[in-house]
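Trainee: Protein sequence lines, in the order shown, are assigned to chains A and B.
Mapped onto full-length UniProt numbering, the consecutive letters of the first sequence carry residue numbers 1 to 189.
Mapped onto full-length UniProt numbering, the consecutive letters of the second sequence carry residue numbers 1 to 189.
For the record, the hints were derived by calculation from the structure and aren't laboratory data.
Errors might be hidden in some of the hints.
It does not matter which identical chain is meant; a pair holds if it fits inside one copy or across any two.
Claimed, not checked - Cut-off 25 Å, straight-line C-alpha distance, at most; resulting in silico cross-link-like pairs (BS3-like, lysine-lysine):
| # | residue 1 | residue 2 |
| --- | --- | --- |
| 1 | Lys92 | Lys62 |
| 2 | Lys92 | Lys4 |
| 3 | Lys103 | Lys10 |
| 4 | Lys27 | Lys170 |
| 5 | Lys4 | Lys62 |
| 6 | Lys4 | Lys170 |
| 7 | Lys43 | Lys4 |
| 8 | Lys103 | Lys92 |
| 9 | Lys164 | Lys77 |
| 10 | Lys92 | Lys164 |
| 11 | Lys86 | Lys32 |
| 12 | Lys62 | Lys27 |
| 13 | Lys182 | Lys22 |
| 14 | Lys182 | Lys32 |
| 15 | Lys77 | Lys186 |
| 16 | Lys23 | Lys170 |
| 17 | Lys166 | Lys4 |
| 18 | Lys4 | Lys182 |
| 19 | Lys186 | Lys164 |
| 20 | Lys105 | Lys10 |
| 21 | Lys164 | Lys32 |
| 22 | Lys166 | Lys27 |
| 23 | Lys43 | Lys166 |
| 24 | Lys27 | Lys43 |
Number of protein chains: 2
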Amino acid sequence: MEYKEPFGVKLDFESGIIENAKKLVRKLSDMKGYYVDEEAYEKLLKEDPIIYEVYAVEQEEKDGDLNFATTVLYPGKVGSEFFMTKGHYHSKADRAEVYFALKGKGGMLLQTPEGEARWIPMEPGTIVYVPPYWAHRTINTGDEPFIFLALYPADAGHDYGTIKEKGFSKIVVEENGEVVVKDNPKWTE
Amino acid sequence: MEYKEPFGVKLDFESGIIENAKKLVRKLSDMKGYYVDEEAYEKLLKEDPIIYEVYAVEQEEKDGDLNFATTVLYPGKVGSEFFMTKGHYHSKADRAEVYFALKGKGGMLLQTPEGEARWIPMEPGTIVYVPPYWAHRTINTGDEPFIFLALYPADAGHDYGTIKEKGFSKIVVEENGEVVVKDNPKWTE
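Same shape as in the complex, but just chain A (with noise of 0.2 Å):
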């Protein structure tokens, strides 16, 4: 039997970095439609600045396998709305996934497909356990990267349509310097 063969890569706890991992930029241009502030978005989209970058080292698409990924989510607003992933659903909706803070401040919004939303803030050491069937999506609420580490099943894949579609219930903003969660005024059901 042929197997496949072990192997040891470094992180930086400082950048995030993962060597040799493929990595992946979102910048604002590349997040139309994700934002509530559509006069904000296309003020800032003049500078169009990097919102997140993702070291990630991927296996083949098969039950069992793992998967894992760093995100460096820079620090910034989009009127009011802070910086964040675009979030997506498992296209295998009941693939888990685990994520581990490493780095600055922010938090985790959750949605199950029928629009119930939770909050999880994370700070480094915080682990998350997302359970299967729930969108999830980063968020930076800091003012430095907020930086950590993902693990999710090889053949979970990523269905983004359905939030770049219908967003999330909430979203997460500065209101009076402080982070608040609310109604997002564009969700329909």
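Based on these hints, arrange chain B on the given structure of chain A.
Mentor: Just chain B now, with coordinates in the frame of chain A:
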């Protein structure tokens, strides 16, 4: 449909403890037959030191779900052989695992069912990918607790029996102050 509830838990980087996790303690007396030097084992048994502690957060054994656990593996030797975990294959042999070293110094010994071995050194920041089918054991080669986080499919299961009976084909010992990976004199295929 009923959904499981997402949650966040805190991992303490200094102690390796995960709050509200299930704690498991392995003392030397739980590891009879695992170390090569039986005389040194019997002698140290009078103290019966804790070899390692595990803090696990586990789900039901279900395909696509994920468990995680930290291990605090203490420094020490039985004769010249470094303190180590029991090591195991997965009951569902095609389940992968990912380890993430947080503190201390050590490594992972891996082995195929045919006894082909690998040694991967680990230090804080090292992520080790354990492919399907490989047995794996961690070893503390330093002089402080070696702490790491492991993530594994919820239906992986632990097959300890094969290693208990046959051991690994390699052992990791200290020779003249160096970490040496050498053939296990008791290994039989």
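Trainee: Next, verify each hint and record whether it holds.
Mentor: A quick look at each hint next to the structure:
no. : hint              : verdict
1   : Lys92 <-> Lys62   : both (12 Å within a copy, 14 Å between copies)
2   : Lys92 <-> Lys4    : both (24 Å within a copy, 16 Å between copies)
3   : Lys103 <-> Lys10  : both (16 Å within a copy, 14 Å between copies)
4   : Lys27 <-> Lys170  : within (22 Å within a copy, 48 Å between copies)
5   : Lys4 <-> Lys62    : both (13 Å within a copy, 24 Å between copies)
6   : Lys4 <-> Lys170   : between (42 Å within a copy, 19 Å between copies)
7   : Lys43 <-> Lys4    : neither (49 Å within a copy, 40 Å between copies)
8   : Lys103 <-> Lys92  : neither (29 Å within a copy, 35 Å between copies)
9   : Lys164 <-> Lys77  : within (19 Å within a copy, 55 Å between copies)
10  : Lys92 <-> Lys164  : within (18 Å within a copy, 37 Å between copies)
11  : Lys86 <-> Lys32   : within (10 Å within a copy, 51 Å between copies)
12  : Lys62 <-> Lys27   : neither (30 Å within a copy, 37 Å between copies)
13  : Lys182 <-> Lys22  : neither (35 Å within a copy, 35 Å between copies)
14  : Lys182 <-> Lys32  : within (21 Å within a copy, 57 Å between copies)
15  : Lys77 <-> Lys186  : within (18 Å within a copy, 62 Å between copies)
16  : Lys23 <-> Lys170  : neither (29 Å within a copy, 36 Å between copies)
17  : Lys166 <-> Lys4   : between (40 Å within a copy, 22 Å between copies)
18  : Lys4 <-> Lys182   : between (46 Å within a copy, 23 Å between copies)
19  : Lys186 <-> Lys164 : within (12 Å within a copy, 59 Å between copies)
20  : Lys105 <-> Lys10  : both (23 Å within a copy, 14 Å between copies)
21  : Lys164 <-> Lys32  : within (9 Å within a copy, 56 Å between copies)
22  : Lys166 <-> Lys27  : within (20 Å within a copy, 53 Å between copies)
23  : Lys43 <-> Lys166  : within (23 Å within a copy, 66 Å between copies)
24  : Lys27 <-> Lys43   : within (14 Å within a copy, 62 Å between copies)
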